[in-house]
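Protein sequence lines correspond, in order, to chains A and B. Letter by letter, the first sequence follows residues 47 to 401 in the working numbering. Letter by letter, the second sequence follows residues 425 to 809 in the working numbering.
Worth flagging that the hints you see were computed from the coordinates, not collected in a lab. It is possible that part of the hints are untrue.
Stated by the list, open to error - Here are the simulated lysine-lysine pairs, BS3-like style, with alpha carbons at most 25 Å apart:
no.: 1; chain 1: A; residue 1: Lys154; chain 2: B; residue 2: Lys459
no.: 2; chain 1: A; residue 1: Lys154; chain 2: B; residue 2: Lys460
no.: 3; chain 1: B; residue 1: Lys629; chain 2: A; residue 2: Lys63
no.: 4; chain 1: B; residue 1: Lys636; chain 2: A; residue 2: Lys60
no.: 5; chain 1: A; residue 1: Lys63; chain 2: B; residue 2: Lys612
no.: 6; chain 1: B; residue 1: Lys459; chain 2: A; residue 2: Lys86
no.: 7; chain 1: A; residue 1: Lys303; chain 2: A; residue 2: Lys112
no.: 8; chain 1: B; residue 1: Lys629; chain 2: A; residue 2: Lys60
no.: 9; chain 1: B; residue 1: Lys460; chain 2: A; residue 2: Lys120
no.: 10; chain 1: B; residue 1: Lys632; chain 2: A; residue 2: Lys63
no.: 11; chain 1: B; residue 1: Lys612; chain 2: B; residue 2: Lys576
no.: 12; chain 1: A; residue 1: Lys60; chain 2: B; residue 2: Lys632
no.: 13; chain 1: B; residue 1: Lys459; chain 2: A; residue 2: Lys120
no.: 14; chain 1: A; residue 1: Lys303; chain 2: A; residue 2: Lys293
no.: 15; chain 1: A; residue 1: Lys154; chain 2: B; residue 2: Lys451
no.: 16; chain 1: B; residue 1: Lys615; chain 2: B; residue 2: Lys636
Since we're looking at a predicted model, the values are computed, not measured.
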Amino acid sequence: MSSLNPTVSRVIGKFVKEDWLDFVFAHVNPMLTVNRSVAKVVSIVEETSDIKRFVLRPNQHWSSFKAGQFVSVKVMLDGVYVERCYSLVSAPGDPLIEIAVKRQPHGKVSGWMHDTLSVGDVVELGDVGGEFLLPSELPEKLLLIAGGSGVTPIYSLLVQALSERAAMDVVVMYYANAAADLAFAQEMRELAVKHPGLRLQFALASDGDAGFFSQEQLTAVCADFTGRSTYICGPAGLMKAATSVWKENGIEVRLTKEVFGFITADPDAAISEMPITLQRSQQEFLNSKSTLLESAEAAGARPAHGCRTGVCKTCSCTKVSGVVRDLLTGAIDDQPNTQIRICISEPLSAVTLDI
Amino acid sequence: MKFSSKSRELSIDEANAFGEELDALRKETIASLGKKDADYIYAVRNFVRYSEIAGRSSLMLGWLPPFWLAGTALLGVSKIVENMELGHNVIHGQYDWMNDPTLRGSTYEWDHPCPSENWRHTHNFMHHTYTNVRGMDHDIGYGALRLFPEQKWEPRFVLNPLVAAFLAVTFEWTLSLQPLELEKLISKEKKFSQVRAEFSIIAAKMRKQLVKDYAFFPLLAGPMFLPVIAGNAVANVMRNLWTFGIIFCGHFTEDVETFPIEVLENESRGQWYLRQLHGSGNLKGGKVFHLMSGNLSHQIEHHMFPDIPGARYAEMAVKVREICERYGQHYNTGRFTKQFSQVVGRIFKYALPFGKKVEAVVSNISPISTIGKKLPESTIEKNAA
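Whenever a hint applies, use it, and build me the whole structure from the sequences.
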């Protein structure tokens, strides 16, 4: 009883609430749901001292993904559902999926996943997303640059590229603090044995200058980097340094970056410059007033609203991404997919609303 | 703002300070929301689900009187808790902070013929923003009753007691019709065609409720058709009488005040809090009573903090009351029997043309004729500020 006929569930869904059905189903099997994508933890392996790999068995509502994409994991912490995105490191099409999670300093979700989540537990999955993808037509030569836990999508791209073209010319540059911090190193070494076109370059901070990114260091190990399609994922410093090198060489278009982590509020930018996106009505505008509601109205949009003072919640909507400040309480909300009242919210970054 | 009441009149500075203290309490409470509150609302929801399943199952054996009685009582209690502690509070967005889409105020649909969408407008917006402002808050008598001397007397109000009794028994249905403002048909402010167009969304929800309670479950019971239909009807009436009693005690007790539309102009946050306080009344009771009333027994706190989980009102009430005492503000509370008898008193008294001489000027604003009319632009803007 692990799947429910979609037509049957649609008909029942017209009369019965989905969460009521899920409640009933959960008494039979927590993996049985009407629509929600949930997954059971099959195994947990410690990859490095701060990265754990979780193999999950998703239920029938799991949709496919492409190498380089991430999935959001929803967990309830202290009464609040929070979501975090983790790169998928298993091959697309596998019945089991795998994510690698780095324990972030003070990270609530990563900490919970490392300390509390156990084999056999069921977690809820959100959307699959991400534009960090290989082109449909593989380039001649690839350069993949990873820094720290940014290795996860890089590893996925590597596996994908080699499975599409076994003899592909690929250089992987992987920056880490020390040898013990290298994740997926064993797998990559095995790939290098099987695929002579793959060259691995592990750069360790413990080795001094040779372990840090610079144009000299790059040229020393990969002289033809200007001729390669390059993918990079890593800490902000590495990304910035690489971007400027690619810019100086006038080849920025060949560099694809994965920005992971959350958008942070930009204290320097004037509030009026924040781009606001209304997702469902497909409107984009720059913030011009103190609240999201007023700015949307000034731009010609007509979002639902009532009291305009934060009382009635008529204007409540899902903030898909971005940082906002609650003008009543001063609280700052930088989480994805939270409910906000746009009549009392001020944007502190680019904001996308599900309106 | 002037109050005819048992409360001391506050200067602008005092009102601001009063508001700041309540804002601080609000902030402190919101910051402390967490697992305990989430566990509580999930427990309430599970209680609603299990009691409904048990009640409806028991009614399937309805030819045996004990099963019929137990089933009906369980279903009635289940509906009351769903409407009051779960539905009403969730629709206010009290649990939006949990980020659980099944408990989201903007999408939750309750076990009640009034579509949540309509409720969010007439209740969450009109009633909670313009609490007890004559001409703005349609909950003052629901267009059907005269409960305050400031409401203009009309001959139809002689029937007040009968109308009130009818409302009590049919509360779920009449409340669903509230957004139509049918009294405007009498005053010719609204055309029948307009009412009919607005009725379609309500009709759809009503049909759904009717089919569920009076066709689906009775048919499912087969030979037990009649006991089930009777049980469902009695459970619904139980819920109606109870919600009528609680809700009428919230705003129609003796000490409750209503306000002229002018109070909205330049109303500060502190004055808004004062209006909520003076327009509401609490009910004393134990834990079960608070649960069954959806914590509307803390009507004052609910009006001051409509988006804070109801289960927190009891602890907030201690501080609110203390703040009110320091500012010389009357805190209207009492046991259900006392408060409800005052409501009944109003229903009878204002059936007759008793008025108030002092406020003769103010009562020029007819409560009925201005309902639903757009506020002057300036009022809305100031109110929003």
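* **Distance restraint between Lys63(A) and Lys612(B), which requires alpha-carbon spacing of 25 Å or less** => Not OK: Lys63(A) and Lys612(B) at ~40 Å, beyond 25 Å, violated.
* To do: Would you mind confirming whether the straight-line C-alpha gap from Lys154(A) to Lys459(B) stays at or under 25 Å?
  => Holds, at about 14 Å.
* **Given pair status - Lys451(B), Lys154(A), alpha carbons within 25 Å** => Given pair Lys154(A), Lys451(B) holds - Cα atoms ~23 Å apart, limit 25 Å.
* **Given hint Lys112(A) paired with Lys303(A) - CA-CA distance at most 25 Å** => holds (16 Å)
* **Agreement of Lys636(B) and Lys60(A) with the hint, judged by alpha carbon distance not exceeding 25 Å** => holds (12 Å)
* To do: Take a quick look at whether Lys459(B) and Lys86(A) sit within 25 Å of each other, Cα to Cα.
  => holds (23 Å)
* **Straight-line alpha-carbon gap Lys154(A) to Lys460(B), limit 25 Å** => This hinted pair holds, its Cα atoms lying about 18 Å apart.
* Below or equal to 25 Å on CA atoms is what counts here, so check Lys632(B) against Lys63(A). => Roughly 13 Å separates the two Cα atoms, so the pair holds.
* Lys612(B) paired with Lys576(B) [C-alpha distance capped at 25 Å] -> Answer holds: Lys612(B) to Lys576(B) is near 17 Å, not above 25 Å.
* Taken at face value, is the distance from the CA of Lys63(A) to the CA of Lys629(B) at most 25 Å? -> holds (14 Å)
* Asked: Do the alpha carbons of Lys460(B) and Lys120(A) lie within 25 Å of each other, as the hint requires?
  -> holds (19 Å)
* To do: Sort out whether Lys636(B) lies within 25 Å of Lys615(B), counting only the CA atoms.
  => It is violated: about 32 Å lies between the C-alpha atoms, which goes past 25 Å.
Comparing the model with each earlier hint shows violations of hints 5, 16; every other hint is respected.
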